[in-house]
Amino acid sequence: MKKTHSKGLSFAAAVFLAYQCMSPAVASGPIELVVAYSAGGVSDLMGRNLAVNVESGLNQKMIVQNRPGAAGMVGTDFVYKAKPDGQTVLLARIATLAVAPNLQKVPYDPAGFTPLGLIATDPFVCVTSARKELSNVDAVKKVLAERPGTLTYSSSGVGSLNQFAVLRFLEALGAEQPLRAAAHIPSQGEGPALTAVAGGHIDLFCGNVGPVMPQVQSGTVNALFVTSQERIPGLDDVPTAQEIGLAELEEIVGWSALMGPPNMDEQTVTKYVAALEKMKNDAAWQQFIKKMGSEPRVLDPADTATFISNQQALYKEMALRMGIKK
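Mature numbering (1 follows the signal peptide of the UniProt record, and there is no 0) puts the sequence shown at residues -27 to -1, 1 to 299.
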């Protein structure tokens, strides 16, 4: 698949021009870290751990506010419209900044946020039901070739990152029209989708490592591969995509980033960068991220802007090429 990294320059330039000439804002009081999803989920756990670490680096209290709704767009839009004084920031996720804007109209400009830093990436693992004869990639490829259209897969919905991951996997196996190569059976969330595979009702699912790992370890699903560059602790027997000749799937990862409203001043941004740099070297934080099934990856604002822009370009290109529509 053609790489999209060269497409990141426009986003990177836009987000930095936005706060080049701004005067520093003076603010005090607790910082609101918006998590655009419900309490108790993966994003919420990530946000609460992030808040503890960032407030330590800033020497300023940070509180988590869950603002769920519209698949994360409500909370994301709230931060987009907030004052750029550094008192309201967002735990941004791939779905709201890179995937959804390519499939539907969103109330914010995904390129308009002020990048403060990438936090972590979330590798995917693709699994099949342990109750079926699909224990490895070759078995899946054989079904695609001999019985096209009979394979089933589930996701958290049309246009979800889960669906993109499965379709990219099928394409890598040789499917010229991934949407027609297998039947999509959407579920009401990743949990039900994974449960359907574990129960033998659905053949295939691709999701973040953290939530899927317990099912792999219990033997209710077969893990085909992970999209991380190295094998993941706890899934030591599961090969990476590169090891099985599918290196192009390494670009399919979730991620979390700390983002501010448009036009944050450079002085405030610098304070957040210093706090994240301090967090990056904290052993307890690294251990927490890895326990979540994620990979620590703190980037500065410039590299974060380029990374997100590349991701936006990637999913735009895939959506157009594969014909994925909401």
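Mixed in with the good hints, there may be bad ones.
In silico DMTMM-like pairs for lysine to aspartate or glutamate, Cα to Cα no more than 20 Å straight-line [stated by the list, open to error]: (1) Lys244 to Asp273; (2) Lys298 to Glu149; (3) Lys115 to Glu149; (4) Lys114 to Glu221; (5) Lys263 to Glu224; (6) Lys253 to Asp273; (7) Lys289 to Asp111; (8) Lys244 to Glu223; (9) Lys114 to Asp82; (10) Lys289 to Glu223; (11) Lys34 to Asp255; (12) Lys299 to Asp82; (13) Lys251 to Glu224; (14) Lys263 to Asp17; (15) Lys78 to Asp50; (16) Lys253 to Glu290; (17) Lys54 to Asp276; (18) Lys78 to Glu290; (19) Lys289 to Glu224; (20) Lys244 to Asp82.
Hint data in this document are derived by calculation from the structure and do not stem from the laboratory.
Treat the numbers as computed from the prediction; the structure is a model and nothing was measured.
Against the earlier hints, flag every one the structure doesn't satisfy and list their numbers going up.
-> Of the numbered hints, 7, 8, 9, 13, 16, 17 and 20 do not hold.
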